[in-house]
Amino acid sequence: MKRFVYINDESYQNDYCDNQISNTKYTLWNFLPKNLWEQFRRFMNQYFLLIACLQLWSLITPVNPASTWGPLIVIFAVSATKEAWDDYNRYISDKQANEKKVWIVKNGARKHIQAQDIRVGNIVWIRENEEVPCDLVLTGTSEPQGICHVETAALDGEIDLKTRVIPTTCIGLDSEQLHKIKGVIECPIPDKDIRRFDANIRLFPPFIDNDICPLTINNTLLQSCYLRNTEWACGVAVYTGNETKLGMSRGVPEPKLTAMDAMIDKLTGAIFLFQLAVVVVLGSAGNVWKDTEARKQWYVKYDDDEPWYQILVIPLRFELLCSIMIPISIKVSLDFVKSMYAKFIDWDEEIYDQETDTPAHAANTAISEDLGQVEYILTDKTGTLTENKMIFRRCCIAGTLYGNESGDALKDIELLNAVADNSPHVIKFLTVMALCNTVIPIKSPSGTISYKAQSQDEDALVNAASNLHVVLVSKNGNNAAEIHFNRRVIQYEILDILEFTSDRKRMSIVISDSQSGKIFLLSKGADEAILPLAYCGQQIKTFVDAVDKYAQLGLRTLCLGWRELSLEEYLEWSRLFKEANSALVDREWKVAEVCQKLEHTLDILGISAIEDRLQDGVPETIEILRQSGINFWMLTGDKQSTAIQIALLCNLISSEPKGQLLYINGKTEDEVARSLERVLLTMRITSSEPKELAFVVDGWALEIILTRYKEAFTELAVLSKTAICCRVTPSQKAQLVKLLKSCDYRTLAIGDGGNDVRMIQQAHIGVGISGREGLQAARAADYSIGKFRFLKRLILVHGRYSYNRTAFLSQYSFYKSLLICFIQILFSFVSGIAGTSLFNSVSLMAYNVFYTSIPVLTTVLDKDLSEKTVTQNPEILLYCQAGRLLNPSTFAGWFGRSLYHAIVVFLITIHAYANEKSEMEELSMVALSGSIWLQAFVVTLEMSSFTFLQFLAIWGNFAAFYVINLCISTIPTAGMYTIMFRLCRQPSYWITMLVSITIMFF
Amino acid sequence: FIFDFFNARLHFGCSRMQMYPLEMEGNSNPKTTNKPKYSKFTQQELPACKPLLTPEIVIAAFALIGALFVPIGLASLHASRQVVELVHRYDASCVPVDDKVGFIQNSRTDKTCTVTMTVPKYMKSPIHVYYLIDGFYQNHRRYVRSRSDKQLRYKSAAHLTSDCVPEGDTADHAPIVPCGLVAWSLFNDTYTVRVNGVVTQVNKKDIAWKSDKNNKFGKNIYPSNFQKGRLIGGATLNESIPLSEQEDLIVWMRTAALPTFRKLYGRIEKDINANDNVTVVIQNNYNTYSFGGSKALVLSTASWIGGKNNFIGIAYLTIGGLCLSLAMGFLVLYMVKRRNFGDPSNLSWNR
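The listed protein sequences correspond, in order, to chains A and B.
1 is the number of the first residue of the first sequence in my numbering; add one for each residue after it.
1003 is the number of the first residue of the second sequence in my numbering; add one for each residue after it.
Excised from the complex, chain B in its bound form (with noise of 0.2 Å):
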């Protein structure tokens, strides 16, 4: 009965071989078939390049991106270290140890401090001053939020508060220009900059970012009934110039994203000499204490990565190495331990 069953499927063949002149005669005349539509999409077979990680490739790659990634680690860690920075943390050295709090909620103190520094590297001007305080949520949700982007944008939305709670309105209910809490906690200290004795001028002019100079503060806006609540928060406002020209607030209000932050102060554009006396004289006005944050003063110039930051150029240098030591390791493991590529017996089942 094999033979029997062979003698079927060989017949089978001849009757599939019949239908081929079949079919020819079905394309002749249009006859309607429910055949699929050939296309390489319907049929998934739309060309593919099918990239295999093979030992080779990888080694490659590890090698590449070694090869690549250790000399901008090493270019961002000299331009890093090009950046000469002075940081001077002076809100403990400013206050009476005892009751700093209270010293610095007393308006009728005297806050002025006078701090030193000696600048070790010769400085390139223009020299950035900013202030860096630590400890400080300008990204907390109550205070991120309290601002009214509108208000501070057109004249006719000034009475938009509604976002700016609890810094929103007066007790009589005069809408607060600029209102909310991040205008109100507007940084209050000041520094007066002396080199070698001599007062150098720190500009303060173009210290805030022009776009919004131009789009998000408006021209014909000027502060008012700005810190005149029974709570003073950071700076007062000078009620006749326009929030456009309000740089220190326009900064301020580049809200961080970190607890740690510096901003721009101002720019000294002269050049500093190496083992030249900074002598600053600070208004220490900026509560700080009460919630045990620090404060400090940071001169520093600038390179193309930006302020002094070593972190970028380690990170590559440690990618870097790792992908060469991958690189060799793989290298070695397939010289050594070399495994024919695609072959079945290796499969699970086979095995």
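Bound-form chain A, shown alone (with noise of 0.2 Å):
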């Protein structure tokens, strides 16, 4: 599918959607159902609805209907006023959006009108540092090279400047011109995709020959994007409104599930379960001791014959009186402990980065317990472990190693003197150092030159070459590039750039030598890419040996290589590559294609490595989490060499006596199973034995198992605690992290770079280190932090806090909702099986949302251990990670505990309050305090640590227990009038609570 945008043609009408951006989920007039409809459609809210429908019915309904509908009330009006208001804040800066004024071209002549009237087809104006409309295509700017600079922080999270230039066939015309302008865009169907536009533009006359241009994302201005550093820029607007590139993306992530609430909501289940399974029992037994005995009961009156449907009225009953089983209050308290867990990692000083100043941040509120739950955490490498603080360290060049001594290739006085005597070889070696890249200069007014770069290898590698007196000086749009050597000055052509990918692994650039006219490729990338492309007969041996004494040191190592090409060998070539570049479809795989051709019979430069430090506390962190039995797998992008010593580096494997490497490898899938096959039969082997085994996979190979032998490679993954898998693509990252997730493992992704955003959104959760690359794995993931040292803390502390203070609130939530649950079972024992509500309509609801909710919820401020003697023994988090602290055991014995102290509570206060004092009100009310006294000393016991907070919050609740039934007392019409302050007066009643609470202690 395509669309054609025909230009600035008022004539050709097409039924594309204005520029209308609508960002709202709800309108004026569908607010109520649509949102009522999404709130029904969880299982909890359906059955809260159909209980408090049933109570509407009052023939059966135990209690008043208000102390169902109350709550759920004030629980939906909490939620849509919450969407409401988010809605209406979008709606507002939709509203601001749409009206602003922005310059358009209409009938020759600009106008101003609302962003919201533009039109797909309008050549659409924008000044410095105004925000882009919508997504278009750059016909003219003011800068006279045909580029401009663009801020897409909005759009990718980069803050960079990123260079946006005019297609070839646009340069050169001016602002008169422009105006004019008439052509067709051919593009595709609006997608989501912010790095890609495939599309092509065609001038019609008399601008320009018939000739079709490709366009690709960098003749493009996108929807919330800035234009900074360049007076003006016009465009052709592509995609309006909600088509955009932006408008798209947007969209609600899947929620992710933590593997508490799956728990919880299995426990939901089961308790509804046991519910109907009672409310069968009972009701039944109900129906029978009415026709047995209750007819007997003269007083009671009941009818001979009945409607049918008074077989159904007592099951009914006990369905309604079972229906607080299910605590209403649940999911509330959930959600307000969670969100303050969320705030609590937000607000956290500790793992507050000063160096970048990036305060940890958790954009998803919900998942902190499953931090506590981790088992497996996939890593990406550099600018994770690393600091990706990259500088150039050593180089070989034509066979001679250079920075071996010091350590540091810039400080060789060999380098230097090479350099100050012009050697061909490390002049050229330079020149590519200097060229082959996409760095943008940058001159400052006073002169200084600075280098904007999106890849940190060639910032280190345009520095070097730079402090080494190659200085590249200036880099225009797409064509001229200048160098400054020992005060020469080249100009260069850039004719083409081969881009980089991560298939590819290398990016090459044809340069013309303004001066000879020589044409030439330059190329830099990973050894195994460019190595294989040596020219027959090239000596390449003294090169991988310094790349595997490179890599041994833990260094970054990219190979260089240039060749001349001849003229008519480019121009043919550079055919093929247009016309690769305006495919519109498999744009990337024909583009890959055609590079292919030219990329051979390189003369290989040399090799420079790169370091990478460390980052501080790196080893630390990941011995500790390791302590707590967390298994690490390192994914990277790197190569094997340099993957193991990092990984050594960071006590991530121990070196030979004490751990060991198995290794599979192999070019051909006979030999991949092979060497699979060896390293599961090893590990099956040394299983039990203490030492540490780690297995290594290279890219090539992960890419055959997952295709050939995913089971046995499953089972190497379940016994294997630590992995390192290099020269991995970002597909194969998340496959790992599915296939862990397969075998029912909680994993956490982490990492900094755009390549580890699907990992970091395929793994249960996913956390951005805010670093270098940019923000792109930051915004995609769950939680964001500056270093990865403070993954430790974000683990062992807030992981295992929310965990701990989850298992309990949720166990507790139920505990005391079956606890008042219970005694209503026993009391129907006791009232003819018929469903009698022992307690007050009043009563049930305060018990359910207010007295037994509020004091739990200081648990977010519990802390079971120090975080200093967790971080001391982080074996205790296995606790978490093995899920002892909610399981069905636990629950089971929380289910327990609230029937026996249901029993308890019950025998005592009949027995207590028996003949003459069994009065209804009275005796629901010890009953109800018995419950009360014995709530708060179950809180009391079940917390560990008491800040001032939660001795308010349990003894203020307390006492507000009795201040408010004490003030009921004092009302004539209510059922309770004076029943509290008799109570309070008769000594009997303190005894019998006195007695209650010792309960909990057996």
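Since the hints were made in silico from the structure, they are not lab data.
Honestly, I wouldn't trust all of these hints.
Under 10 Å between C-beta atoms, here's a sample of chain A residues computed to sit facing chain B [unchecked claim]:
1. Glu-293
2. Lys-301
3. Tyr-352
4. Val-849
5. Phe-850
6. Ile-854
7. Thr-871
8. Glu-875
9. Cys-984
In silico lysine-lysine, DSBU-like type, Cα no more than 35 Å apart, as pairs [to be verified]:
10. Lys-1230(B) <-> Lys-331(A)
11. Lys-792(A) <-> Lys-1042(B)
12. Lys-1230(B) <-> Lys-389(A)
13. Lys-162(A) <-> Lys-256(A)
14. Lys-1039(B) <-> Lys-792(A)
15. Lys-256(A) <-> Lys-1039(B)
16. Lys-34(A) <-> Lys-192(A)
17. Lys-25(A) <-> Lys-82(A)
18. Lys-389(A) <-> Lys-1052(B)
Glycine included, every Cβ here is placed at the ideal spot set by N, Cα and C.
Given two chains presented individually in distinct reference frames, assemble the corresponding complex, making use of the accompanying hints.
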């Protein structure tokens, strides 16, 4: 499917949407039904609605319907209000964006209109620092070279300026002509890929010959970007409104469900089944009793001929009586504590990174408990374990290794001498370093040159070259580049850029020397992507050795090469390249194919080695997290030897006697299969020994394994605590996460770059490091932190506390609901199994949503062990990982506890308040106070540390119970008028309370 | 290269040191920073007390509870034993053995019945006279809700009988006051007490809660259409006395929570000596026979704990004893098999 955009053509009517942005979920009219519909999609809400509706039938309701409708409406209103408020804010910001004035060209003249009236095909003018209102194809800028700078932070979170260029056919058009420009743009239908725009433009005469010019993402200005450092720019609207790249990529990500939530859901289901069983049993028992006994009770006056539905009345009454088994407050309580956990992460000073001024942030507020249950951590290497602060350290040029002694090639006298002597190899090497990249030099007014690079490696290379007197001075748009070398100015014309992709693992650039007119291909890339391209006969052994040597030092190596091209060869190839670049389908693949045609028989110039230091505290963090039983997998795009070296440095693997590294390698399927088999065998044999085993696999073998030998690999994954996967692509990273997830492990993926986004989104918990590679990973992640070492605190402190707290809160919520429910059930045995409620409506409602919900919320402040103790004994995390605090058996414990407490409270109450004291209101109040006393003490007993807030909540709530009930006791119309006063005057009431609470000690 | 790595770490240490002066500079000129604001709450560092359940504390707690509970138990038990209580079940002896139900439902039979009791101990006035009914479900859902509190309270609410089914209105749709099953089934046995042959007044004033008389039952509401239906439930009411003075009704309408209950019939405001003969002439009108319930007459004095009830005393003594023995047991364990507190070698992963 394609879209044809006719530029500036009023006569051509298109039916594409206008530029009205709408982020709102609701309109004024559909808010209520839509919001209710959304809320009622949850099982719990449906359940509560059913209960509330049943309560409207006064024949069966044991209590006032208000006791369920009240909380239900409050809960719904709270959620709805929150939604409405969010939506209203979205509406306001949409409105602002929609009503912003923009300049467009209409009938050959500029006109001021509202942003929402932009139509596809309009030419839009933007001035400096203005926001781009819709997706535009650039046609003109104020800069003579046809470039402009944009900030794309709102789109991808990256804060560096990006250069956008106008398509070649539009170069040289002046402002006058731009008003009259006519043509057609052929582009794909709207999609959400912000890195791709495979389109063509063809201008109509008289502007240019009927030539098709390819467009890429570099020719676009996308909605929400800001124009910077450029006076003005103009472009043709191609996507508008919600069809822009930004609009399409909007959307709510799939909500992640924690293991705990899943368990709570399961337990809720179990309680529901239990409730149904109780209803069936008691309902039938009630019907039997009614027919055998109650008919003899003349004072009950049952009719002899009843309608058929009477048989349902008693079971339904029990259903309503038991409906409180599932606590209505649990969802609200959980939401509250979860958002508090997230806030505590945001607020935590200790995981604030001073260096980059980044605090930790929990973007996903619902999954903190999962942090405490992590079993596998899959980590990226560059930028995650290391600092991603690249420094050029060593190099090997034409067989000579520089920087070996001092560890810094820039200070190596030999190299400096070679540069001074104009050694041709060295000069070539440095020229490639300076030119073969996508770095933008920016000249400040004072004359100093700084570089804007998207890749840290390139930045390091260009800076090193400039230190060695080969200075990249300027680079203009898509062609000219200028290099200063020893006060000599050398002009180059950049003809083509063969971009880097993670599949190709190399990039090249075609330049022509402006003086000599010679054309060169400059390439750089991973050694295995470049070295095989060496011309026949070149001795590459020294380079291979150098690569090995550097890799063992943990340095990142890049291989540089070049080749002179003949004009014919270039022209021939250039045509193909252009063709591939204008392809609308499979462009990336086609371009790669064409690039390969040029990149061969290279003259290998040398190897550069770049150091990427380990981040502070990485080895200790890994050590502690491994002690706590978390398994680490390192997934990196780097080569095997570098990866292993880094892994050794950061305690991920141990060297020989203590640990053993098993390699899975091979080029063909058979080799890989055999290798895998062998490793698996070794793993199985040694799994009982206390030896630290780890396996290493590279991307190539992994591809074969994941498609062919998934089962064997899964077994290996289960057996192995540590793994290093090198040379892996982003999709392989995600696949590995998926594999571990399929084995029922809780996975955490941590990374910093765009290549980690997929694995971060795939994992149960995604952690992004807001690093130098931009914020892409951090924005996609559930948690973003500044440094790897903060992971320790995130997991051991925040994760663990969250898990413990939620485990208590959720089980307690069920316990207290079950307690009151069991008392009701027990009471039904002494009230003729007719479904009489012992408690009045107000008490029941207040018990669930107030008396027992408030104190337990302070569990967010509870700390069972101090942070220090946990960090010293990280093994304690095992309790969370294995889910020992919330599982069916602990839940059964709470269930039994509630049954036991209910029996005790009930028996004590009916015996202490027997005979002349067995008045309904009084007895119900005694049972309720007994439960409240128990609650206060159970919460006190279960919490480990008490701040004043906890004291306040527990005992303040306790006091509030008495104050509230005393107040109600003064209302003459209330059922419990004077009851509380009477009780408080009786010594036997207090004695009964005291004996009730001692029960919990047994 | 290990040396190299070391160097790097050292270097890093230095660079961190240098950051402090920088930071101070930042403080002097207000620079925006994303650093979270420090407070004890946000850092989860609020001062907290952490009570640890050490063996010492547990032993002390149990001993304390035991020491507290045993005296309370003894006091309660003593109070309960001070109460003199006479219970005389009369439902079986007051009717012919065959066809009890027929006898009780026949309005023409003479239902007078005399019972005699001997008082075992001196009873100090006031002596409460209760009727005890067993097997009567005043808490049955159909029964307990069959009343209209508004009607009992407000004159204008006489017609509010919708909750009172099936005793709401008469056949010709006139509202019954007081309506509902509870009022309809009002207890109607009467007792005449003689002590040693002397008629003794049973005071039936102030047997209901004062709050009920004042606020729940209207002073200007008189019974109407009551017990006029085909089926007579229990007692009839004097239509010239307002509901607030119908104390038997008020007592009855304080429904009992349990199927066995006592309700106050009246008080004897005269002491009764030991071995005195108490003769009670009972009008045995109330039907507990059709559902197999029982009736009894109770004479009882009261103490601070209320009527005779050994339960609390026994419960306290049991729990107190249990706590004391647990404290002893723990103490022995603590002496014999002592364990270092907070010894990490006891952790499961260190063993």
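Cross-check of the supplied hints:
{"no.": "1", "hint": "Glu-293", "verdict": "holds, 7 Å"}
{"no.": "2", "hint": "Lys-301", "verdict": "holds, 5 Å"}
{"no.": "3", "hint": "Tyr-352", "verdict": "holds, 5 Å"}
{"no.": "4", "hint": "Val-849", "verdict": "violated, 24 Å"}
{"no.": "5", "hint": "Phe-850", "verdict": "violated, 24 Å"}
{"no.": "6", "hint": "Ile-854", "verdict": "violated, 18 Å"}
{"no.": "7", "hint": "Thr-871", "verdict": "violated, 14 Å"}
{"no.": "8", "hint": "Glu-875", "verdict": "holds, 4 Å"}
{"no.": "9", "hint": "Cys-984", "verdict": "violated, 14 Å"}
{"no.": "10", "hint": "Lys-1230(B) <-> Lys-331(A)", "verdict": "violated, 54 Å"}
{"no.": "11", "hint": "Lys-792(A) <-> Lys-1042(B)", "verdict": "holds, 21 Å"}
{"no.": "12", "hint": "Lys-1230(B) <-> Lys-389(A)", "verdict": "violated, 99 Å"}
{"no.": "13", "hint": "Lys-162(A) <-> Lys-256(A)", "verdict": "holds, 33 Å"}
{"no.": "14", "hint": "Lys-1039(B) <-> Lys-792(A)", "verdict": "holds, 22 Å"}
{"no.": "15", "hint": "Lys-256(A) <-> Lys-1039(B)", "verdict": "holds, 30 Å"}
{"no.": "16", "hint": "Lys-34(A) <-> Lys-192(A)", "verdict": "holds, 26 Å"}
{"no.": "17", "hint": "Lys-25(A) <-> Lys-82(A)", "verdict": "holds, 13 Å"}
{"no.": "18", "hint": "Lys-389(A) <-> Lys-1052(B)", "verdict": "violated, 45 Å"}
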